[in-house]
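Chemist: Below are the chains, spelled out letter by letter.
2 protein chains.
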Amino acid sequence: MSKEIKSNLYRDAGVDIDLAQSLLKKVKQKISSTKRPEMLTPIGGFGGLFQIDLSKYREPVLVSSIDGVGTKLTVAMMTEKFDTVGHDIVNHCVNDIAVQGAEPLYFMDYIGIGKLRSPLYEHVLAGIADACSEVGCAVLGGETAEMPGMYGNDFDLVGVITGVVEKNRLITGEKIKPGHTAIGIASNGLHTNGFSLARKILFEKCGYQANSRPALLEGVTVGEALLRPHTCYWPAINKAVQSSDVRIDGMAHITGGGLYDNVPRILPAETDVEFNRDALPVPSIFKLIVEKGEVDVVEAYRVFNMGIGMVWFIPADQADAAISICRDCGFNATRCGRVLHGSGKVRIL
Amino acid sequence: MSKEIKSNLYRDAGVDIDLAQSLLKKVKQKISSTKRPEMLTPIGGFGGLFQIDLSKYREPVLVSSIDGVGTKLTVAMMTEKFDTVGHDIVNHCVNDIAVQGAEPLYFMDYIGIGKLRSPLYEHVLAGIADACSEVGCAVLGGETAEMPGMYGNDFDLVGVITGVVEKNRLITGEKIKPGHTAIGIASNGLHTNGFSLARKILFEKCGYQANSRPALLEGVTVGEALLRPHTCYWPAINKAVQSSDVRIDGMAHITGGGLYDNVPRILPAETDVEFNRDALPVPSIFKLIVEKGEVDVVEAYRVFNMGIGMVWFIPADQADAAISICRDCGFNATRCGRVLHGSGKVRIL
Chain A
1 MSKEIKSNLY RDAGVDIDLA QSLLKKVKQK ISSTKRPEML TPIGGFGGLF QIDLSKYREP
61 VLVSSIDGVG TKLTVAMMTE KFDTVGHDIV NHCVNDIAVQ GAEPLYFMDY IGIGKLRSPL
121 YEHVLAGIAD ACSEVGCAVL GGETAEMPGM YGNDFDLVGV ITGVVEKNRL ITGEKIKPGH
181 TAIGIASNGL HTNGFSLARK ILFEKCGYQA NSRPALLEGV TVGEALLRPH TCYWPAINKA
241 VQSSDVRIDG MAHITGGGLY DNVPRILPAE TDVEFNRDAL PVPSIFKLIV EKGEVDVVEA
301 YRVFNMGIGM VWFIPADQAD AAISICRDCG FNATRCGRVL HGSGKVRIL
Chain B
350 MSKEIKSNLY RDAGVDIDLA QSLLKKVKQK ISSTKRPEML TPIGGFGGLF QIDLSKYREP
410 VLVSSIDGVG TKLTVAMMTE KFDTVGHDIV NHCVNDIAVQ GAEPLYFMDY IGIGKLRSPL
470 YEHVLAGIAD ACSEVGCAVL GGETAEMPGM YGNDFDLVGV ITGVVEKNRL ITGEKIKPGH
530 TAIGIASNGL HTNGFSLARK ILFEKCGYQA NSRPALLEGV TVGEALLRPH TCYWPAINKA
590 VQSSDVRIDG MAHITGGGLY DNVPRILPAE TDVEFNRDAL PVPSIFKLIV EKGEVDVVEA
650 YRVFNMGIGM VWFIPADQAD AAISICRDCG FNATRCGRVL HGSGKVRIL
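So the sequences go chain by chain: A and B. First residue of the first sequence: 1, per this note's numbering; consecutive thereafter. First residue of the second sequence: 350, per this note's numbering; consecutive thereafter.
It should be emphasised that the hints constitute simulated quantities derived from the structure, not laboratory data. Model, not experiment: these values are computed from the prediction. A hint or two may mislead.
[As the list claims (entries may be wrong)] Quick list of in silico lysine to any residue cross-link-like pairs, SDA-like style, CA-CA up to 20 angstroms:
| id | chain 1 | residue 1 | chain 2 | residue 2 |
| --- | --- | --- | --- | --- |
| 1 | A | Lys-167 | B | Gly-501 |
| 2 | B | Lys-516 | A | Lys-30 |
| 3 | B | Lys-694 | B | Pro-527 |
| 4 | A | Lys-115 | B | Gly-501 |
| 5 | A | Lys-205 | B | Asn-517 |
| 6 | B | Lys-516 | A | Lys-175 |
| 7 | A | Lys-167 | B | Pro-386 |
| 8 | B | Lys-554 | A | Gly-149 |
| 9 | A | Lys-30 | A | Leu-40 |
| 10 | B | Lys-516 | A | Ser-55 |
| 11 | A | Lys-28 | A | Ser-118 |
| 12 | A | Lys-167 | B | Glu-387 |
| 13 | A | Lys-175 | B | Pro-527 |
| 14 | B | Lys-405 | A | Gly-149 |
| 15 | B | Lys-405 | A | Arg-58 |
Full structure from sequences and hints, please.
Modeler: Set out below in C-alpha cells:
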C-alpha cells in the first residue's frame with residue numbers, strides 16, 4: 001500500500017516530490033498498517049481501490065462525509081504541535097458517519113500548504129494513520145498541494161471518509177418518539193468547533209499565550225486545552241449497534257452549532273427535546289471562555305458542545321444498558337434530556 | 350436533495366450560514382438536478398447516503414480520488430471569473446477514476462475561503478453541478494469553511510469523487526504489451542497542472558496581465574487561455590469500455606508530471622513507450638510559455654501535458670476503432686506512440 005501512496009496518490013505538480021517522499025518514508029509503516037483486505041493494489045493507480053465485502057452486506061449503503069479542521073489549525077501552528085490535528089480530522093469524519101450507523105471503511109486527506117516542512121507533514125500524517133488504525137479504517141490515499149502564494153506559512157487539512165451500513169440498519173432519527181431518553185456522551189473540550197470565537201476571546205481579548213496557565217485550567221496550558229483531540233465515539237457506537245439490549249433510534253454529533261443546531265438535524269418534526277445542562281461536567285476550557293468572554297449561555301450552547309460531544313436517543317427502558325456500553329468503552333455518559341411532543345425544537349434548561 | 354445540502358451538508362461553524370444559504374438558493378436547482386436514484390435522503394443526515402446498485406455489479410470495487418485545483422485558482426481570482434473552476438475540479442476527479450474503468454457515482458467538494466462572497470460562491474458551485482450533470486454524477490454534499498486568518502482574500506477548492514467498477518473490468522495497465530498502440534486524446538490547454546511555472550513565466554517574467562493578448566494566442570487573452578476548463582474524457586471512455594470492438598488495456602490521465610511521470614504509473618516494468626511529439630497539435634498557450642520562458646523541451650513535457658490530456662493503450666489492430674470512438678464523442682485523437690520491450694520508461698521523440 002505505502003508504495004502506491006508514495007508514488008501515486010500523494011503526488012501533485014505543486015509539491016516538492018522529493019521532500020514529500022522522504023518525509024512520507026518516516027510514516028510509511030503507520031500508513032501501511034491501516035491497510036484492509038478489501039483494498040486492491042494494482043501496479044498503477046490514479047484512484048484508490050476498495051472492494052465492497054458483499055458477504056457482510058445485502059443492501060450496502062455508502063455514507064460519506066467531508067470536513068476540515070478549521071481554525072484549530074491556527075492553534076496547532078502557534079504551538080508548533082502537529083501530532084493531534086490528524087486525530088481531529090479522522091475522528092470528526094468517523095463520528096459524522098457513525099451517527100448514521102455506518103462502519104468506517106476508508107479515509108483520504110488533502111493538505112494544502114504554503115511550504116512543505118518537517119516535522120509538520122509527517123506528524124499530521126502519523127496522526128491520521130494512528131486515528132484510522134484505532135477504528136480499523138484504511139488510509140486509501142491523499143493529496144498534498146504546495147501553494148506558497150495562497151497559504152503563506154499556513155496550511156489547511158481536509159478529510160473525507162467513506163463508510164457502509166446495511167440499509168435496514170441505517171439510523172436516521174425518524175423513530176425518535178416522545179418519551180425517549182437522550183444520553184449525553186462527554187466531550188473533552190472544543191473538538192474542532194468554535195475556534196474562531198475561542199481564539200478571539202482567549203488570545204485577542206485576554207491576551208493569553210498558548211503556554212499561559214490560567215488558574216481555571218488547573219495547570220493545563222491554554223494551548224493544551226484547545227488542542228485536545230476530537231473524541232472518537234465509534235467504539236461505543238459499534239458496540240451499541242451490535243448489542244441486542246439497545247436500539248439507538250437517533251444519534252447527533254455535536255459540532256458547530258452545538259446542541260441547538262445539531263440535534264434538530266435528526267429530530268422528527270413533531271418532537272422537542274429538553275436538555276439538562278448540569279447532566280455532564282462542563283470542561284474548564286468552556287468555563288474560561290464563557291467567563292472571560294462574558295458569553296451569553298444560549299450563545300455558548302449555540303457555538304460550543306459545552307461538554308456533550310454526542311447525543312443518543314434511546315427508548316427510556318434501554319437507557320441504562322446504553323449508558324453501560326458507553327462506560328464499558330471508557331466514556332463518561334449519562335441521561336441528559338428527554339423527548340417531548342413538540343415541533344422540532346431544542347430547549348436547554 | 351437540495352434541502353439536505355443546504356441545511357446539513359453545507360454547514361460549518363466557521364461560515365456565514367445565512368449568506369451561504371441565500372447564495373446556495375441560487376444554484377439549488379442545478380445541484381438538485383444531479384440527484385441519482387441511489388441517493389437516500391433521510392430526514393437528517395451528517396453524511397451523504399448512496400446505495401450501491403447490486404443489480405449492476407457482482408463484485409463492485411469503489412474507486413475514489415481526491416484533488417485540488419491548485420494555483421489555477423489564482424488566475425480565476427485575477428480575472429474574477431469563477432464559473433470554470435468547478436468544471437476543473439470535477440473533470441480532473443472524473444478522469445482520475447475513469448482511467449481505471451470506473452463509472453463516477455458521486456462527488457463532494459470542500460471550499461476553504463477567507464470571506465464568503467457572491468458571485469464567487471454560487472459560480473463555483475454552479476460549475477460543479479453543471480460538470481457533474483454532464484457525466485451523470487451526483488453532488489452528494491460538501492463543506493464550506495470561512496477562515497479569514499488563513500485564506501485572506503483567497504480560497505481553495507478540493508474535490509472528492511467516488512466511482513464503481515466491476516472487479517473483472519478494472520483497467521490497470523497490467524495487460525499492456527510491446528506492440529500496443531498509444532492513442533493520444535487532445536487537451537485544450539494546461540488543465541489543472543503546471544500553473545506555478547506558467548504564472549511565473551507569463552505574469553512575472555513577461556509582465557502580461559490576464560487580459561493581455563499576445564500575438565501567439567491569436568486574439569485570446571492570457572487569462573482565457575489559462576482558464577480553459579480541464580477536459581472531461583468520460584464520454585469517450587464510457588463508450589469505449591462498453592464497446593466490443595475495443596479493449597483498452599491501460600489509460601493514463603496526463604496531469605502534473607506530464608507524459609514522463611504519468612504513463613509509468615500504469616506501465617508494466619518490462620515495457621517502454623515511445624511517443625511522437627508531433628502527433629497532436631500543441632496548444633498555443635504552451636508554445637507561448639515555452640518560447641517566452643525559454644523552457645527546455647524535456648522540462649516542458651515533464652510539467653505540462655503539451656496537448657495530450659489522456660493516453661489509451663490499445664492492441665494495435667483496435668486502434669482505428671478506438672480513435673473512431675473518440676472522434677464520435679467530439680475529441681481529437683490519434684496514434685501518438687507505441688509500446689516496446691523495455692524497463693518502464695517513456696521517451697518522447
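Chemist: Confirm or reject each hint.
Modeler: Each hint tested on the structure:
1. Straight-line distance between C-alpha atoms of A:Lys-167 and B:Gly-501 comes to about 43 angstroms, which puts the hinted pair past the 20 angstroms bound.
2. A C-alpha spacing of about 28 angstroms is found between B:Lys-516 and A:Lys-30, which places the hinted pair above 20 angstroms, so the restraint is violated.
3. Only pairs whose Cα atoms come within 20 angstroms are accepted, and B:Lys-694 paired with B:Pro-527 is accepted, the gap being roughly 13 angstroms.
4. Proximity of A:Lys-115 to B:Gly-501 is assessed by CA-CA distance (about 17 angstroms); at most 20 angstroms being required, the pair is judged to hold.
5. Taken as a hint, the A:Lys-205 and B:Asn-517 pair is broken in the structure, with Cα atoms around 61 angstroms apart against an allowance of 20 angstroms.
6. A C-alpha spacing of about 37 angstroms is found between B:Lys-516 and A:Lys-175, which places the hinted pair above 20 angstroms, so the restraint is violated.
7. Of the supplied pair hints, the one linking A:Lys-167 and B:Pro-386 holds, its CA atoms being roughly 15 angstroms apart against a limit of 20 angstroms.
8. A hinted pair counts as satisfied when its Cα atoms are at most 20 angstroms apart, and B:Lys-554 with A:Gly-149 qualifies at roughly 16 angstroms.
9. Our distance criterion of 20 angstroms between C-alpha atoms is met by A:Lys-30 and A:Leu-40, whose separation comes to about 18 angstroms.
10. For the given pair, B:Lys-516 sits about 15 angstroms from A:Ser-55 by alpha-carbon distance, which is consistent with the 20 angstroms threshold.
11. Annotation: proposed proximity of A:Lys-28 to A:Ser-118 holds, straight-line Cα distance about 15 angstroms (limit 20 angstroms).
12. Only pairs whose Cα atoms come within 20 angstroms are accepted, and A:Lys-167 paired with B:Glu-387 is accepted, the gap being roughly 12 angstroms.
13. The suggested pairing of A:Lys-175 with B:Pro-527 is violated, with an alpha-carbon distance near 61 angstroms, which exceeds 20 angstroms.
14. A hinted pair counts as satisfied when its Cα atoms are at most 20 angstroms apart, and B:Lys-405 with A:Gly-149 does not qualify at roughly 46 angstroms.
15. A threshold of 20 angstroms between alpha carbons decides the hint, and for B:Lys-405 with A:Arg-58 the separation of about 14 angstroms falls inside it, so the pair holds.
Of the numbered hints given earlier, the model fails hints 1, 2, 5, 6, 13, 14; all others are met.
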